[in-house]
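There are 2 protein chains.
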Amino acid sequence: MKIALVGVGLIGGSFALAVKRRRLHVEVIGVDKNSDNIQKALQLGIIDGEASLEEAVKQSDVVILAIPVDALTSLLPQVMDLVDDGQLVIDFGSTKGAVCTAVEDHPKRHCFVAAHPMAGTEYSGPEAAFSTLFEDKIMILCEEEKSGDEQLNLFQEICKNLAMRVVNMTPKDHDLHIAYVSHLSHISSFALSTTVLAKEKDEKHIFAMAGSGFASTVRLAKSSPAMWSPIFRQNQKNLSGALDTYIAQLQQFKHVLDAKDAEAMESFMKEANKIRPIIDGIK
Amino acid sequence: MKIALVGVGLIGGSFALAVKRRRLHVEVIGVDKNSDNIQKALQLGIIDGEASLEEAVKQSDVVILAIPVDALTSLLPQVMDLVDDGQLVIDFGSTKGAVCTAVEDHPKRHCFVAAHPMAGTEYSGPEAAFSTLFEDKIMILCEEEKSGDEQLNLFQEICKNLAMRVVNMTPKDHDLHIAYVSHLSHISSFALSTTVLAKEKDEKHIFAMAGSGFASTVRLAKSSPAMWSPIFRQNQKNLSGALDTYIAQLQQFKHVLDAKDAEAMESFMKEANKIRPIIDGIK
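These protein sequence lines are chains H and P, in that order. For the first sequence, the tail end lands on 1449 under our numbering, and the numbers increase by one without skipping. For the second sequence, the tail end lands on 1449 under our numbering, and the numbers increase by one without skipping.
Derived by calculation from the structure, the hints in this document are not laboratory data. On a predicted model such as this, the values are computed, not experimentally measured, just so you know. A couple of the hints might just be wrong.
Put simply, identical chains are the same to the list, so a pair is met inside one copy or across any two.
Cross-link-like lysine-lysine pairs, in silico, DSS-like; alpha carbons within 30 Å at most [as the list claims (entries may be wrong)]:
#	residue 1	residue 2
1	Lys1365	Lys1312
2	Lys1420	Lys1338
3	Lys1403	Lys1338
4	Lys1403	Lys1440
5	Lys1274	Lys1224
6	Lys1370	Lys1312
7	Lys1274	Lys1370
8	Lys1367	Lys1420
9	Lys1436	Lys1420
10	Lys1367	Lys1403
Put together the whole structure using the sequences plus the hints.
So, in structure tokens, the structure goes:
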């Protein structure tokens, strides 16, 4: 199987490493506008060669698009123009509404599978990729009914190879829920970081006093602005609503804190404690 | 050395297990109003016996107070009334202003060392205790000048045994900085949890879509309301200020998000990225 890997960073790179480990006879052709990334991906064994987008797409069975979501929506229609009926194009974008809309009327829509692997870390680039990132994770699949049978079968087979579980969702549901369980977490971390940095000009206090709890809560503040800015913009409406709710919850807590209302504070925290069985179930 | 351990939960229990592992001839007498906790602590080898507060204090070289901060401020003066000049009393409270004020004029003030180990997890109770919790962590020491030389020497020796580094700080500085690097993280997690739970009545979406990033950010929402409510109340003024700044940061981000101002969003995130070397240094 020949794969055109467009974007050889954390997600694309981890996918390629996993497929290579799980399947025989896989050749990966890298496409990346960043030539440093191509060199690193070659050295790390993520890709076996490089090519232009057109060359790579033409010669491959599967095209994987693992690039920032703004580049994705503009590049996907071009890729779709290049593919033949038997080819499979999969995107790994973190928003699904805009990308599905971008090709909704494309004559080759059946060649495309809209997907989002629920996997990632706060790092980026080919050197951050590792072959087990996708293992036992969820792969969200949107608009299954618009993909061809041949394409869906191959997609399902690849997900099975990778030990991923496929979950169907509409692009609208995906974008709404992901705003709450992923995008909002990132913003809460980014803002926690800027809050603490602004206060603690003298870093030694942070070094002395910050423990593993702070490190855990602020970890996502290390995430790549270049990757997240387009995601937040594409999902602005849902995320803005999630942020409104989050700010309202914080204001409610501040209200009972300022009133030193022990009972109300404890009932707020007890409600929050209900997340425990849910996060204990997250791998 | 005989230790009276008042509070046999995560912090007190971990301290006792560590001291027992690192020092010869240590006997720990447990004091806890919760008799279940006493039984568990006996079974887990955290304590070697139990006694009333008065009995335990009378027969010990060192008294450790590892209880919620509201109980601490009321119990500490009683303990101080019971001790003799050669004894050492250490508290592990997460706020330091109120506890230092509670004994500032006590005739035995020199027997007391105000401390806060920068260590913890989101769990509580004796079964959550483990002997390496304090290892390589910071121990904040407040008002060193008010403790006696004999007491300070023994305190420093114990910290050294536990591979902890002692850092001096005023209670005022401690309470201000801890609001930012610990208390605020907890509230950002509690509020993230209630936000997501309120939205996602149907838990299956959370199960499907929440990844390790969400789990990390919301982890502290599992923390004990009974422990944190008194901490937040005692540090209400500092925490309220920290929450104001945090909410303002979130509102600022929402403002540039709603304007879809890519440049401003990225510069916000780049500023947040500066936390990276700091959290990479946290053990």
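Each hint tested on the structure:
no.: 1; hint: Lys1365 x Lys1312; result: between (51 Å within a copy, 29 Å between copies)
no.: 2; hint: Lys1420 x Lys1338; result: between (33 Å within a copy, 21 Å between copies)
no.: 3; hint: Lys1403 x Lys1338; result: within (11 Å within a copy, 42 Å between copies)
no.: 4; hint: Lys1403 x Lys1440; result: both (27 Å within a copy, 28 Å between copies)
no.: 5; hint: Lys1274 x Lys1224; result: within (14 Å within a copy, 84 Å between copies)
no.: 6; hint: Lys1370 x Lys1312; result: between (56 Å within a copy, 24 Å between copies)
no.: 7; hint: Lys1274 x Lys1370; result: neither (58 Å within a copy, 33 Å between copies)
no.: 8; hint: Lys1367 x Lys1420; result: both (24 Å within a copy, 24 Å between copies)
no.: 9; hint: Lys1436 x Lys1420; result: both (16 Å within a copy, 28 Å between copies)
no.: 10; hint: Lys1367 x Lys1403; result: between (34 Å within a copy, 20 Å between copies)
Violated hint for the displayed structure: number 7, the only one.
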